[in-house]
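Peer 1: Sequence order for the protein chains is F and R. Once you know that position 47 of the first sequence is 47 in my numbering, the rest is easy, because the numbers rise by one and skip nothing. Once you know that position 231 of the second sequence is 231 in my numbering, the rest is easy, because the numbers rise by one and skip nothing.
If you are wondering where the hints come from, they were derived from the structure by calculation, not from laboratory data. These numbers come from a predicted model, not from an experiment. By construction, the Cβ of each residue, glycine as well, lies at the ideal position given by its N, Cα and C atoms. Check each hint, because a few of them may be wrong.
Said to hold, decoys possible - To give an idea of the chain R side of the interface with chain F (calculated C-beta under 10 Å), a few residues:
id : residue
1  : Met-1
2  : Phe-4
3  : Tyr-46
4  : Asn-73
5  : Phe-79
6  : Ala-92
7  : Ile-94
8  : Met-97
9  : Lys-196
10 : Thr-209
11 : Gly-226
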Amino acid sequence: MNEHEQGDRRMESIIGILLRLGVMVSGAVVLVGAVVYLLRNGGAPLPNYKSFHGETVQLSTVGGILAGCREFRGRAIIQLGVLLLIATPVARVVFSALAFAFEKDKLYVGITLFVLAILLFSLIGSSLG
Amino acid sequence: MTIFVFTVLVAVSAFMAGLVGSLTGLGGGVVLVPLLTMAFGVDIRYAIGASIISVIATSSGAAAAYVREGYSNIRIGMFLEIATTIGAIVGALIATMVSGRVIAVIFGAVLLVSAYLSSKKQREQPTAEECGTLSEKLRLSGSYPTPNGPRSYCVCNVPAGFSLMFTAGTLSGLLGIGSGAVKVLAMDQAMRIPFKVSTTTSNFMIGVTAAASAGLYLSRGYIDPGLAMPVMLGVLAGSIVGAKLLVKAKTKSLRLIFSLVIVALGIEMIVNGIRGTL
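Here chain F stands alone, though its shape is the one from the complex:
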């Protein structure tokens, strides 16, 4: 095993831990939201999932979700967990870019930043639109 592969292995194990941490944190947040949601609404009849009408701004934008969390709404807390989960692979890409820069691998710094740009285009572009 040569030097760059050893560096890669180290980078991969840190990334693996980072990903699991992200999943654990977001899972815990979703669980808290689930308890609040079910305690308050568990006995209510089921919302209409049979036809699609889209979520409201309160549950589909970052601003709306954060505002709902401040009011301790269960559904907003679940969405916060979902946001954290979506952010987890993005954090992985950011970390990879740093690690490649540390290894002075310009080609892969470029490739990784390009992937990051695509992700940010999707996440930011969609929250503005």
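Assemble chain R onto chain F, guided by the hints.
Peer 2: Using the frame of chain F, we list chain R on its own:
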């Protein structure tokens, strides 16, 4: 049905999907959408939104275990993610433009193809001459551990693999699945990367690919917390238990049964899509 009963039923089903998906290595996502639409009567767009979230969770959760084994190749993954993330955005945009019936038919067809692909045999490892120069230029070549020490490999047909990855990303964004089967097809069959390296690197890529379309789904209102919550927690718990059992269980017959289930669900999705009864 009250919200509480519905949540418990969906969580239990998602747990089973996650368990079987991780035991067979075929992924739980492919059965989630048919389950939510056909058994629970959920609109396919909500089902896709919930499914993509569970895909990110299982892919990211399993990554740590895969990394420890030392098979995944982070450069191959990152390079191909250019194709899968662009594909995922294209797929998610297509999903917002076509009807649920069209999505259902495409979904069914992908299920059938996935079941077929997972039964294919892996190919011989290529020589350095067969691989050409791109493998070295892009630093995709690597090595993986074997009982007799590390074994090196190179990567063939990079442009063909890259195009297949774009397709995998598009399907992932369109249908809310990990499309692991198409990813492994690209790496294992086209690029002729060793099987273990293909499957673990594919798992590594699935989370990033899904994140690219999940943002779009969230802002378009496809992700309902009441659905995403039991699906995510259920699949996650199921796949964690599955990973623990994996060492002991005999997976060959389970894999066959699960493939047959996927075929049956695929046919049912196509029929429902054509009839418009979803």
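Peer 1: Okay, which hints does this one fail, numbers in order?
Peer 2: Of the numbered hints given earlier, those the structure breaks are 7, 8, 9, listed in rising order.
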